[in-house]
Each structure stands twice: as C-alpha cells, then as structure tokens.
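All chains, please: the whole structure from these sequences, using the hints.
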Amino acid sequence: MSKSNLTRRKFLQDSTIIAGGLIIPFSVPAGNRKTVLADGADGTKFITQNAYLHIGTDNTVKILLAHSEMGQGVWTTMPMLIAEELDCDWNNIKVEHGPAGAPYIHTAFGIQLTGGSTSTWSEFDRYRKAGATARMMLTQAAADKMNTTPDKCKTENGYVISASNKKLSYGEVAEAAAKLPPPSDVPLRDPSKWKYIGKSKRRLDTPEKINGTAKFGMDMQFPGMLTAVVAHPPVFGAKVKSFDASKAKAIPGVQQVVEIPSGVAVLADHYWEAKLGRDALKVEWDIDPAKAIDSRDQLDSYKRIASTTGVAAAKAGDVNAELSKGSKKIEAEYFFPYLAHAAMEPMNCTVLLSENSCEIWTGTQFQMQEQTAAAKVLGMKPEQVMVNTTFLGGAFGRRANKDNDYVVEAVHVAKASGKNVKLVWSREDDMRGGYYRPAFLHKVQVMPATDGKPGAWKHTIVGQSIMQGSPFEAMIQNGIDPASTEGISDSPYMKEIPNHLVELHSPVVNVPVLWWRSVGHTHTAFVMETMIDELAFAAKADPVEYRRSLLKNHGRNLAALNLAAEKSGWGKSLPAGHFRGVAVHESFGSSVAQVAEISIVNDALKVHKVTCAIDCGLAVNPDGVAAQMESGIIFGLTALLYGEITLEKGRVKQRNFHDYKMVRMNEAPVIDVHIVKSTEKMGGAGEPGTPPIAPAIANAIFAATGKRIRTLPLRPEDLKTT
Amino acid sequence: MVKLTINGKEHSVDVRPDTPLLWVLRDHLGLTGTKFGCGMAQCGACTVHLNGEAVRSCVTLVSRAAGQKVTTIEGLSKDNSHPLQRAWLEDDVLQCGYCQSGQIMSAAVLLRDHPNPSDSDIDQAMSGNICRCGTYQRIRNAIHKAAKLQKEGGVK
Ligand code: FES
Ligand code: FES
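Those protein sequence lines, which keep their order, are chains A and B. In case it helps, the UniProt record's numbering puts the first sequence at residues 1 to 722. In case it helps, the UniProt record's numbering puts the second sequence at residues 1 to 156.
Just so you know, these hints were derived from the structure itself, not from any lab. All residues carry an ideal CB built from backbone N, CA and C; glycine is no exception. Don't take every hint at face value.
[Claimed, not checked] With a straight-line Cα cutoff of 25 Å, these simulated DSS-like cross-link-like pairs (lysine-lysine) come out:
hint : chain 1 : residue 1 : chain 2 : residue 2
1    : B       : K145      : A       : K199
2    : B       : K78       : A       : K94
3    : A       : K201      : B       : K148
[To be verified] A short list of chain A residues far from chain B (calculated; beta carbon distances all over 12 Å):
hint : residue
4    : A102
5    : G212
6    : A292
7    : A416
8    : M431
9    : G624
10   : T638
11   : N666
12   : T705
[To be verified] Examples of chain A residues lying across from chain B (beta carbon under 10 Å, computed):
hint : residue
13   : D58
14   : T206
15   : P234
16   : R427
17   : K653
18   : R655
19   : I671
Here's what the structure looks like:
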C-alpha cells in the first residue's frame, strides 16, 4: 500500500470505507459502468471507482455527491431525487462529497463543476435513475429470497414487502442485489406518484453545522501539519525581487520561509505565528508601473473605448437612422465597479504530499481542474492527486477559480517546503486576491416609438472577458464573450425591438476577473430594468403594465411579473413615504420578478420588503428555492448598497468588512418568495434571485426621488430627496 | 502556560499570551467550530462566551481569557437540544453554515438576557454577525421560535 493510501486510511472519515452492500454507479458512459472495489489490508473495502449510491448491509444509504455543498442545498436536493425512486428511509441517508473523477463530470458542462445554477436540473434524471436502478435490484434480490417475483412486491421506507406481507430490509438483500446484473431499462415514476419532489424537505447538513462538527476546508488538521500564510504582491502578477526573512524566522513557532511563484510563504506551527511571521517579512517586489492600474483612469479609458465601434453581439434594423429621428431620445451611461465574492470562509487549502502522491483537502467547485493543476505543479499524473472536498463556507463562483489560484499556491508551498501544509488566507488576502466581478461600463441610447415602446436601442458594453483563459473559452464566438452580454443581447425586450444594436468591447486589464453569483446578469439586468422603467415613465405608463405589454410573448417572465405584482399589492396604496419599484429578469433558465418597497428618511434608504416570484419550472425543494431567492436578494442588495473594489496604483484599497461592507441583520428586508406553478423547463435557483433586486430598488428610489441611479454602489447624493 | 476553562473542561496551553483566543481554540485545542471570518471584530464568526458574555474571540487575547470560563459552540448543548439549535433545525436557517456558530452564540446571549426579544432587540444583538449567504430573515424567525421553545421547555 502506498504511503498515500496510509494517510487516506488514517484520516478519511471511516464512512468512506464500506463493507459490502450494493453500489450503483451513475449512468456514465457504458465503459465506466462497473463497480470497482479494492480490498484494504484489514478486510475493509475502498471505493476506487467513484460510486454514487451505496446501500450498506446496515441499511445506510450513502450518496456520493458529484456537486459541492456551498450553501445552495445540493446535500439535500440530490438525495431527494434518489429517495424519490429508491423508497429508502430518509433518516438512513448519509451524504458525502465525491472525489475528482470522470463519473462526476457535469452532464451539461463536460467538466466536473458546481456552478451556473445547474445542479438540480442537470442531475434530475441521473440521480433518479440511480435510485430506481437500486430499487429494482433490491426488489429482485428480495423477491428471489422470498420465493416470489418482483411484480408481486412493493417497496416502502427501506423495505421490500411481498404480497403476503413478508418484509426484507434493503440492507438484508444488498449483498445479494450486488450480484445481480444491473437492469438495462429503468422506468421512472410518474410525477403524480412523487412523494419527495415538489415538497419542501429540511436540510440534511443542519445538525453538524449548528454544533461545530461540520468540517470546512479551514478546519482540516493533521498531525505535524504546518500552517502557511503567504505575502502576496501588492500589484497583481508582480514578482518577488528579494526578501529578508530574518525577523520572521525569529518568531517562535515559525518553521520555514519559502519563495513560491505567487509570493513568499511563512510556515509555522499555527496560524497566528505564521501570520506574525508574514507581517515581519520584508519583501521587495518587481512592479511594472504599466500594470499598476487606477480605477479612475480605468473609468476614463472605458468611456473613450465606448465611443468607438465594438463587436456586434446583436443587431436588427437600422439603429443609427432611427436614433436620429424624433426628439425623445434617452441617453445614459452606467458604471459598475469590481466586486469581491467575499465568501464567509476565506480561501484555504490543505496539502499532504508524499513522493508519489498528493492529497488535497479544500472547499472547491472545481475538483478535476484542481486535480489537473496540482498534478502539473508536482509533475505528477492527475491520478496521483486526490482531491477531497470539504464543506464550502460560501463560494459564489470564487471557488471555481480558472487559475486554481489557492490550490496551486498551497501545492507550491508544500512542494517548496517539503511539508504537509494548510494554506490559510486572511480576510485581507481574500479581499485583495483578485478574481473579481469585472468592472463594466454601459452606454445606452433609446428612441421610443410613437406607442411609447422602445423603437431603437443602441447599447455599448465595455468590460473584461471572464471566459477568456477559463475552461469555457470556447464559448467566446466571433469576439463575443456571452458572459459580458447575457441579459442584453438575448433579452426578451431586445428581441422585440425592431432596430437594435448591441456592441461589446473586451479590454485586457491587469486585474483577474471571474464569475460572481449571476455573472453578467449582475450588471446587465440593472441596465435593462432601470432603462425599461425610464421608458415606462416617459410613456406615462405604469411600470408593471408597461413591462406586460413588452413581454406578452414571454410567458415565464410574464408569469413571474404577474405573481410578484399580485403578491406585493402592486397598485394598492402604501404607507406615507413608502415607494415601490419592480424588476423582472431571466437568467440561468429561470425568470424572477421582484417588487421592492422602500422609504427614504433623512437621506437614508430603508428597504422594508421584497416580494419575489420565480418561475424555475419544477421546484424540487420549494423551500430550498425560497432560501436561494432570499440569499440572492441579500447578495444583490449588498452590491447595490456597498459593493466596490477600487484600485490605486494597482493596489486594491479595500481590506476587510469595515471597508467592503455587507448587509447586516438591521438592514435585511422582509422577503416574501412565491414560486410560479409551472410546467416549463427546469431552471436554476442559486443565481437568478440576484439580478433583479438592485434595479427593483433603484426604480423605487426613482419613484421616491425622481433620480435615476447610473453608478453602483449607491452614493449619498442618490438618496437626497431635495 | 495559560490555563483555560473551556466548555467546563480545564486546559493548559503553551502559547504566546498575545495569541487571540480564536486561534488557541482552533489550532491548539482542535475546537474548530468557532470560525475565522475577518480577524478584526467585523463579522462575528468567531463569537464565543467569556463568562457568559458574547465576545469576538479573534480580538480577545488568550491572556484575557486565562482563568475565566469560555463556552464555544461545541459546549452549547450535548445533543443539539438548545432551543436555538432546535429552532435552526426546524426553520432550515442555514446555508453554507460558516457564520452560524457565531450567529447561534450571539443569539444565545440575547435569548438569555431577553427571553422575549423584539425585532429591534434582535437587530441590536445580531448586527455584529455577518451572513454572506443572507440568512437573516430565517435567523430572525428562528430566534423568535427559540424564545417560544425556551419558554415551553423551561430555561436550560
Ligand atoms: S473573525 Fe472575529 S469577528 Fe470576524
Ligand atoms: S450561512 Fe453562509 S455565511 Fe451564513
């Protein structure tokens, strides 16, 4: 047994060691459809091939998730899909994260990934089939034992029950079932028979997250492991010129100081000593002034770029001719800053390195990418790197890093030091670590037609490409990164406008950027929904009525809009000083409408209530969908009120939560979520709640102040009523 | 050597006295339920009880806790039976969960001092705790529920 196996044996939760039972691999390509077990020296069995579902002889139902639990609830939703077909005892379900591996590859994306609000719909069939396959095999095995046939048996709560009411538990027949050939045809239940799907289920990860036992990456501890804190360059990409570690090394507990490509790492027995050591380091950096950008210059340069011709992302009719007719043209320029994800758990990664293998423990949305990147640093094959996924203390896209930044850094530290190491980023490291939502500038010119609807719409977008340099670079077609234009060029409004032109500029800037909860929709929804509101006002139309007239061919948006309007009491009177604003936006396959109710007292904004309606098609776990709407709304509200990363001479100014603020309890509105009863195609829930909230509130602010918001986050002058 | 009483158990730890209590709990004693979020008293993820009061352990030097009583999330109850834990379970409060040890520890002091907290009591006591997943509404409702459970079950 290799050394790595020994480590694994020692540290892995014993639950991954299984003793017999039935294993159902998922319906991955035929060649992979076999169960591979390796015998451990002491007679236990390890899963070497990735299984998804295991029925133990003790009746446990173990589910290895392809996806990472980062708060969005896959730990519960995925088991619901299996339980729906398996008829197991819900209380016997145990969930774990699967390792990196081919069977875990996303059914839609082609790489292993948790993101894009896709988990539930993309696994809807696969997980149910795994459950159904297991149930068929268990039923067959039980029928054989009870001398009857499967068609005369039923399953309930973890038992196979014969016509004569004899019962065998799943555990009792799991071994026998494992010897049967898997069925080739696995019918799924008719929706009318569903017991789980569509009914709210409590989270399975709550018990361990309310008593301190849940393990996040930050919580991994191994005997003899050191903690590393890294001095990062003040400007992105700058390299170490020289460093003096004498003061750092003088701190008791500091064991080693090593240079790595991304900076200088201080390794100590514990975090605190490593942090003091890092503070005591003297590092000279090689900084290229041309790469040390300034936020103010960036805005100016984006403005200049916007006045030039970009790459056309959508086009119809003759926009320029129409824009020059008439006198009612509306022109606006919007600016959106960089945003940090600021997940509650700062980035971290633990690496156990031996000569021939490497074990990684981290919270990641990107297991195989991490595996490949780590292997490359170490000169190993990917199979030699084992990625163990812990709980993620929030992610929002940050833990699907296109350069695998924190994992690669941790592996470099382990390699350079020869030590088992936990890399820990402080909040400051995390805040200044880059991979932000890109800054964007939008320039919009709209000419209303005689009926008040937009007759011509010219839209220029300037901002860095996210997909460039990512595993999804191929999505960039003809110079258009869809992550920069989504929500505009494919907007249901745009499709109806006879003359339109959407142009994109994707400047290259020395600030790493990344997908941030709802990606391009974070800014595009704001522009579209505040502009539409402005047009409604110009047409002297009610904002909801105006949208209805534009969206009449877009049923899901309309359904969400109507439900939100109804539930918010749109059109009904409000307490004195209260105002409403509305927005509706489609993203990640779902349509979400929100009505915000606000007041402004003494130039301070109070968001009293948000009414939200979503059409996500079938909602597998409705309360989970509601939770994601609540979460997405607070996320978007935080960006509207506070979110802003700025740079001065290439240095990120913000450091921590005092200057990169978060919405807190006292500012959190009442949120009332409604789900459209829908038979439409399933969409996502993790992200689509975020885009509409900022424009809904901005539109309410307009109702209160008569002022349009063009720059985020809100400035004090935006709220002045006089 | 610093002597500490944590969750009713005595410990002596060989640590520099200017180490924040947070890192002693996590790195020296393996009590990782108390979380690191900001390190500067901004987020509340590291909240523990020092002699029954909620403190941010990331800015509380271990020397200040010497000889005092510290309670961490691990010591709140043996079996998730604290009214707050029961309410958190029933209301599906949490998401990623990273902030929730701190939320619950802050709420526990609130509930002791205000057995029937108003919304503004909750705002006051809980606004030092950030939840990036935005679970505030559920936290608020669960605190109200826990207050009821506490009344029904008697104060523990
Ligand atoms: S870690 Fe102590 S308040 Fe944030
Ligand atoms: S539950 Fe994720 S930060 Fe609060």
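Should the label of A292 of chain A as a non-interface residue stand, given a Cβ cut-off of 12 Å to chain B? Per Cβ check, A292 of chain A is outside 12 Å of chain B; nearest 26 Å; holds.
Non-interface claim for G624 of chain A: all C-beta distances to chain B beyond 12 Å? violated, 8 Å
Could you check if D58 of chain A really has its C-beta closer than 10 Å to a C-beta on chain B? violated, 22 Å
Least C-beta distance between M431 of chain A and chain B, which was stated to exceed 12 Å: violated, 10 Å
Let me know if the C-beta of R655 of chain A comes in closer than 10 Å to any C-beta of chain B, holds or violated. holds, 9 Å
Would you say A102 of chain A is clear of chain B, with no C-beta pair closer than or equal to 12 Å? holds, 27 Å
Sort out whether K199 of chain A lies within 25 Å of K145 of chain B, counting only the CA atoms. Holds. K145 of chain B to K199 of chain A sits at ~22 Å (cutoff 25 Å).
Can we keep the R427 of chain A interface hint, with Cβ of chain B closer than 10 Å? Where the cut-off is 10 Å and the nearest Cβ of chain B is about 5 Å from R427 of chain A, the hint holds.
May I ask you to test the interface hint for K653 of chain A with respect to chain B, counting a Cβ-Cβ separation under 10 Å as satisfied? Since the shortest Cβ distance to chain B is 16 Å, the answer is violated.
Mind checking the CB of P234 of chain A against every CB in chain B and telling me if the closest is under 10 Å? At 19 Å from the nearest chain B Cβ, P234 of chain A fails the 10 Å test, so the hint is violated.
Is K201 of chain A close enough to K148 of chain B, meaning Cα to Cα at most 25 Å? holds, 23 Å
Given as non-interface: N666 of chain A, partner chain B, CB spacing beyond 12 Å: The assertion about N666 of chain A is violated, with a minimum of 4 Å to chain B.
Of the numbered hints given earlier, the model fails hints 5, 8, 9, 10, 11, 13, 15 and 17; all others are met.
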